[in-house]
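Q: Chains as they are written, first to last, in this note's numbering: chain A, 1 to 98; chain B, 99 to 196; chain C, 197 to 500; chain D, 501 to 804.
Careful: at least some of the hints might be erroneous.
Covered stretches of chain C, as calculated for chain A (at least 3 residues, CB under 8 Å) [as the list claims (entries may be wrong)]: (1) 236-243; (2) 294-307; (3) 364-377.
Chain C residues, not near chain D, derived (Cβ > 12 Å throughout) [unchecked claim]: (4) 267; (5) 285; (6) 322; (7) 488.
Here are the in silico distance ranges between beta carbons for each label pair [as the list claims (entries may be wrong)]: (8) 789/D to 368/C: 57 to 67 Å; (9) 567/D to 368/C: 47 to 57 Å; (10) 88/A to 378/C: 56 to 66 Å; (11) 116/B to 69/A: 18 to 28 Å; (12) 305/C to 586/D: 20 to 30 Å; (13) 789/D to 279/C: 51 to 61 Å; (14) 147/B to 231/C: 33 to 43 Å.
For the record, the hints were derived by calculation from the structure and aren't laboratory data. Computed from a prediction, not measured in an experiment: that's the story for all the values here. Beta carbons are placed, not taken as given, at the ideal position from N, Cα and C, and that holds for glycine.
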Amino acid sequence: MKLTLEFGGGLELLCESVKTHNVDVDQTGEKKLTMKDLLSWVRTNLIKERPEMFMKGDSVRPGVLVLVNDCDWELSGQLDTTLEDKDVVVFISTLHGG
Amino acid sequence: MKLTLEFGGGLELLCESVKTHNVDVDQTGEKKLTMKDLLSWVRTNLIKERPEMFMKGDSVRPGVLVLVNDCDWELSGQLDTTLEDKDVVVFISTLHGG
Amino acid sequence: DSNSGHGLSSDIIYRYSRHLLLPNFGVKGQSNLLKSSILVIGAGGLGSPALLYLAACGIGRLGIVDHDVVELNNLHRQIIHAEAYIGQSKVKSAAAACRAINSTIQIEEYKEAFRTSNALEIMSKYDIVVDATDNAPSRYMINDCCVVLGKPLISGAAVGLDGQLTIYNHNGGPCYRCLFPAPPPSTACQRCSDSGVLGVGKLLPNTNISSSFYFVYGVPGVIGCLQALEALKVASDVGEPLSGRMLLFDALSAKIRIVKLRGRSLHCEACGENAEFTPQVFQNFDYEKFTQTPLSTAPMKLKL
Amino acid sequence: DSNSGHGLSSDIIYRYSRHLLLPNFGVKGQSNLLKSSILVIGAGGLGSPALLYLAACGIGRLGIVDHDVVELNNLHRQIIHAEAYIGQSKVKSAAAACRAINSTIQIEEYKEAFRTSNALEIMSKYDIVVDATDNAPSRYMINDCCVVLGKPLISGAAVGLDGQLTIYNHNGGPCYRCLFPAPPPSTACQRCSDSGVLGVGKLLPNTNISSSFYFVYGVPGVIGCLQALEALKVASDVGEPLSGRMLLFDALSAKIRIVKLRGRSLHCEACGENAEFTPQVFQNFDYEKFTQTPLSTAPMKLKL
Ligand SMILES: [Zn+2]
Ligand SMILES: [Zn+2]
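In isolation and in its complexed conformation, chain A is listed as follows (with noise of 0.2 Å):
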């Protein structure tokens, strides 16, 4: 399945700054490709260091930002969010400087 991922806020850091990634991620079966498949695959596949800076848990560390397609991952359904072909993934870190 194809998604387009993005990390900002700092956290592309993790992935050698690059923000923007273009990724085709397998899927095991008929069962549909939930967000938490994809943090996993996210944690083994691109991020290059620091993991706890991105993950805690099986979720996001706290201050990370999940958007999917442009909105809050809690309107669809957190680490149960089914992706679909296509679907843009973003990943963004809380800021406070001023």
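Given the structure of chain A, go ahead and fit chains B, C and D with the ligands onto it with the hints provided.
A: Okay, now just chains B, C and D with the ligands, sitting in the frame of chain A:
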């Protein structure tokens, strides 16, 4: 052929203040649709008033910039530019204010 | 100055004539602005443009909070501060600049840190709050104080090449804690002067210089302008404020996107159904401990 | 002030320490800024933030051209002007504001309209030109003068909900006439104060009020900030300036897009292969006649 047409810099006022138009333009025969064809389609189907603020002769009036997929149409052959399905064409009027 | 039924003097009418010409805004909209009060917390990179535009536009009463002193190395991007104020409080400096461009509005100066001990008293005097601070504990504290007092919060942030803008606690939208119930790890809380979310050592070598310029001032300039704009929408009660939505500015790719946020969370510790975040609780909350980050730190020194 | 090999005094080092910390910029980049000179034409909505940020950042020499006088009804968005300067020249007012935030740079005042008779002499003294004017004949005149003298032109414009930004005549990129060889019909040339490209009567009723606010000041604020940024890239000779590309800001949908422009046109009357646009031709060119639009008009009056 499905196209996205966008009007900016004030040109949207000629089409009832709608900036983005998702349109379906019929092709006649085997010939590819060109920007020249599209301009005359736009003039007939979208421009609701003062067409002289949009066109001059069979091209756009002076001061209008035409972009096909975010590139100046001068780079793709101006009126002879051929269009593909899902192309995005932007018409924007140059601004003088400050 | 003569009045002619609409309650605005002829000087006022002339000053704001461009506003008054706007349909749906006119005298009513401008009167709303002149009657409203806005508290801006932080008179630095974001606060500079935000305060200048708010003062210019005719917000009736403007409060400014900051405990810092103007230093020479602030002046390269905090455009509200004049050299004559080096060594004096940022609040005094910013207030003077605002008065110089608009003497008809009231400006109130709070030359002190915004803390749980003074926050309720200060904020209760204003309708709208603008967060232009630069650290995590202040952002939680300001949010909670807004929830306790029921004030809309115009929150802007800028680090590196990224800017973020939203309105919390307004029109049934979420508060900051609805989005971020737990604080981020303290290593992700570094201040603006520490150069980036994940530390200066990592950010800069991977950043090209055209981006670095945005880092210096481009993003705060743009976000500060837009904070003033959102505050104006709320104050005049016209337009659609950015509540329940967040604007993300990515200066590197020169992209602005507006995303849809969750609604108010029923379980939010600050604004949820069973929340017991009273003034008392607020005053005893230790924000530095909660975020494991100090409210203020000594400035970084440069040696060449 | 002591020097230690790098040619910058300790005060200068401290003032710009945030710049000096940037890799690839450092002392060299800041020295480039301090050695460069920028001419800003127009001290209104765009010029206000652009001038403040350019002065703050340490451009060595800054020229300001404007023939207007500060009026009370400018102050609601032209944030560089203080009330004390009402009735005095905008240039004097803007220069005073720039000097107040940075006395170490040189500021030159041109309290006159920019016209073919004085343009060559004024512009020849500067490295970079910022167009912050508000009318069509000025835009053609400034472009042609830049071509004649070989200066890069940072061009910003803001009307209604739209903003545009690009660099003309730089690094083989096009000039304004390459893009727009013929002037638009004069009805499309209306000035900023006439409220929109196609006239106030059409624009406003169809515009919602949240957009109208951008109209009042949001777009010039953002575009003015970005003009300063592009000028800085050129002055310091680092980063990728916006040449051959144009930034389009649509405040209504809060979208920024950057598009690719044509290259320099061989047939351009100003910069093309066979162009004969000499200083002499420039001085005799009638820009008002060419665009059928006056260089300046009487301000609009409001009656309530
Ligand atoms: Zn909440
Ligand atoms: Zn040219």
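Q: Of all the hints numbered above, which does this structure not satisfy? Sort the numbers upward.
A: 2, 4, 10, 13
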